[in-house]
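If you're matching positions, the sequence shown starts at 0 in numbering that gives the first Met the number 0 and goes up one per residue.
Be a bit skeptical, because a hint or two may be false.
Unchecked claim - Under the rule of at most 20 Å between Cα atoms (straight-line distance), these lysine to aspartate or glutamate pairs were calculated in the DMTMM-like manner:
id, residue 1, residue 2
1, K206, E167
2, K206, D224
3, K206, D218
4, K206, D177
What the hints assert, rightly or not - Quick list of simulated restraints, FRET-style, between CB atoms:
id, residue 1, residue 2, range
5, A197, A146, 27 to 33 Å
6, R52, R294, 18 to 24 Å
7, L84, A335, 30 to 36 Å
8, T223, D165, 24 to 30 Å
9, R321, Q297, 14 to 20 Å
10, P10, E352, 54 to 60 Å
11, R22, G170, 36 to 42 Å
Just so you know, these hints were derived from the structure itself, not from any lab.
The beta-carbon is built from N, C-alpha and C at its ideal position, and this holds for glycine as well.
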Amino acid sequence: MSTAPTSAPVPLNDPLLQDDPIRAYREMRREHGSVVPVLLDGGIPAWLVLGYRELHQITGDPELFSRDSELWNQWDAIPDDWPLLAMIGRRQPSIMHTVGESHRRRAAMLVDALESVNPFELRARTERFADELIDAISPRGAADIIAEYAMRLPVRVLAWVYGFSDEEGPGLVTALNDIADARDHDQSGQMLLLTSMARLVADRRAKPVDDVVSRMLADPAGYTDEEVMHDLTVMLGAGHLPTADWIGNSLRLMLTDSRFAASLFGGRNSVAEAMNEVLWEDTPNQNVAGRWASRDTQLGGRRIGAGDLLLLGLQGANSDPRIRTDGSALTGGNNAHFSFGHGEHRCPFPAQEIAEVIARTGIEVVLDRLPDIDLAVPAESLVRRPSPFMRGLSALPVTFTPTPATGTV
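With the sequences and hints as input, model every part of the structure.
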């Protein structure tokens, strides 16, 4: 890995990145500049790009900064049980590992398929599932809104989007959350997820209908069942946890910041403003792996070697003082953040819209059904999941006036 004289690399598992990432990024930037040498698990070197302009440069030049992980110059040092292997991974038959024209064709196929989702049906189905979840907790007067709501809603809606039956939905919720939590039985969760996807794809291949999976299979490029299955699995994983954290982080902001008190009494503009502020200040996708330099180059005053891994510091770029000169919170319509990525590998626009409908509807159902919702613990006691890559709450304990279930079916 190429570098210039500098202070010691920063361990990416530094507790400060979990406890106070904005401070951590500020200290990294002051010590190292906009491109920071970091160490991943096992002392594996990488670069964390915190500069807004530098991140724009990386994501806008897929030839120089490739998505092809086979370029990595550290593979010889990576053990088979390396904990980040699933996140970075060797090339697989999914859109995550395609590059160039192949990626552009694959992305166009996904955009076409996702555009088949009717936004009115999506909102109605999200409301239905959200009401079912609130029905389960509303008579108690207390709940953990993360485990019992936010971590259950997005995957249930996305399962419907793909075409899974309502009976299959709860099992997929459990499987994907087990994988996200890396529980001891996450292997069984992965197996359930993959076998369910394979069965759905086989069913649609045999009997097409006008839905997401059938459109993917009917694309003129002629993608195989395995390729479609892997793309669906990637989209489900990429859509679930970030959307769940978007719900949780937005509700935390609204319950702890007086600027959003109106939302607790039905103000809808404040919901959108809180959600947008989270994408700037507390984004679920903090750091993303990654890009690999296809040749020796320069970035942010650093010498980057061919095959070096660059991590996309989305939250660091969002808070770059060179573009946030006054330091004010961005709650309005400014959506020039990096929370959905940038360039040809960014989250497809229809997928962003689906995530926004799920998150906003989920938040509004909470506020409608539990109008006096309040934190059950001091705000400073809330704990984040330990991860330098994703930012979400471990729990959000709340209280509210108990109410009967609505009887939604």
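Now for the hints, and whether the structure bears them out:
1. K206 x E167: The hint holds at about 19 Å.
2. K206 x D224: holds (14 Å)
3. K206 x D218: Answer holds: K206 to D218 is near 15 Å, not above 20 Å.
4. K206 x D177: Not OK: K206 and D177 at ~31 Å, beyond 20 Å, violated.
5. A197 x A146: 27 to 33 Å: holds (29 Å)
6. R52 x R294: 18 to 24 Å: holds (21 Å)
7. L84 x A335: 30 to 36 Å: holds (33 Å)
8. T223 x D165: 24 to 30 Å: With Cβ atoms ~29 Å apart, the hint holds.
9. R321 x Q297: 14 to 20 Å: Holds - the Cβ-Cβ distance for R321 and Q297, about 18 Å, lies within 14 to 20 Å.
10. P10 x E352: 54 to 60 Å: Taking Cβ atoms as reference, P10 and E352 lie about 37 Å apart, which means the hint is violated.
11. R22 x G170: 36 to 42 Å: holds (41 Å)
Hints 4 and 10, counting from the list given before, are not met by this structure.
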